[in-house]
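Counting in our numbering, the sequence shown runs from 1 upward without gaps.
Rather than coming from a laboratory, the hints here were simulated on the basis of the structure.
Errors might be hidden in some of the hints.
[Stated by the list, open to error] Simulated crosslink set (EDC-like; lysine to aspartate or glutamate; CA at most 16 Å straight-line):
| # | residue 1 | residue 2 |
| --- | --- | --- |
| 1 | 52 | 33 |
| 2 | 164 | 185 |
| 3 | 69 | 82 |
| 4 | 96 | 33 |
| 5 | 249 | 33 |
| 6 | 178 | 210 |
| 7 | 164 | 195 |
| 8 | 69 | 47 |
| 9 | 52 | 31 |
| 10 | 277 | 260 |
| 11 | 221 | 33 |
| 12 | 5 | 260 |
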Amino acid sequence: MEQSKRPVIVIGGPTGSGKTSASLALARQIDAEIVGADSMQIYRHLDIGTAKATPEEQRLVRHHLIDIKDPWERFSVAEYQEAALAAIADIHQRGKWAIVCGGTGQYISALIDGLTFTEMPYDPLLRRALLEQAATPEGRSALVDELSVLDPAAFTRMHPNNMKRVMRAVEIYRLTGKTQTELNEASRSQAPAYDFRLFIVNHDRPILYDRIHQRISQMLKTGLLAETRQLMAMDLPPNATCLQAIGYKEMVPFIKGDMELSQATENLARNTRRYAKRQLTWFRRQTEGEWLENMSSDQIAATIIKRLNI
């Protein structure tokens, strides 16, 4: 098949659905490389909590866009899009198939919808002032109230306790005089750079939740607490993305002695289930995706190979 006409396979789905194992199974059969689409797996030192492919798995199949940033660095969706498209071009140039694998909807949308981005401003001094304001209950309440007036559309899309998103929306308005919603609407779609074929991996809810619980148990056995302690020892800013990531933020209170491990583990399970539900809501809006439900990794690989006549 000509490289310019070769589709790009996208394997998405909720956390715990088996995307990684399915991608690995498929990649080994069709001589493919994997391009990550996970906003936490881009960070170094976040291995267990983000369920990255193991070093051995990464030796068997080459991975891109994993471990490319330090935990204190920022990485926008626009930067992801640029890096992912460059990786895909490189893979195709070498005569291989490209598999995009992940569950971050914004990353996947940036590729399959051909989005163009309006550059969002950033001011470290204003960010510091907002962090100081958000350090008190009164300050947090004032920020939420400000956002509800400035940008009602954005306010309805986010939870008022998600101060990172609230602060970012307020910051954008104070810097530009435009709301986040207005700037997002200025982002246009163009024809996607490749023929992306989206496959959505999922299981019935009881099975998915059981897989999530098994994964959490395995994470704790293989060193999630030690990994969280390592991140805390880096003296990262309190708003560092990695410390707000599911898997780490739940362990911090236990490590600080403010919570029993059993409660921290239950919080992690609850938050992971909720995240999986949000992911499923996003994927259900992707009308072009094909759902592959209650399948093993080998069955998923075989189905995709058949669909694409590989």
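Which of the numbered hints above does this structure break?
2, 5, 6, 7, 9, 10, 11, 12
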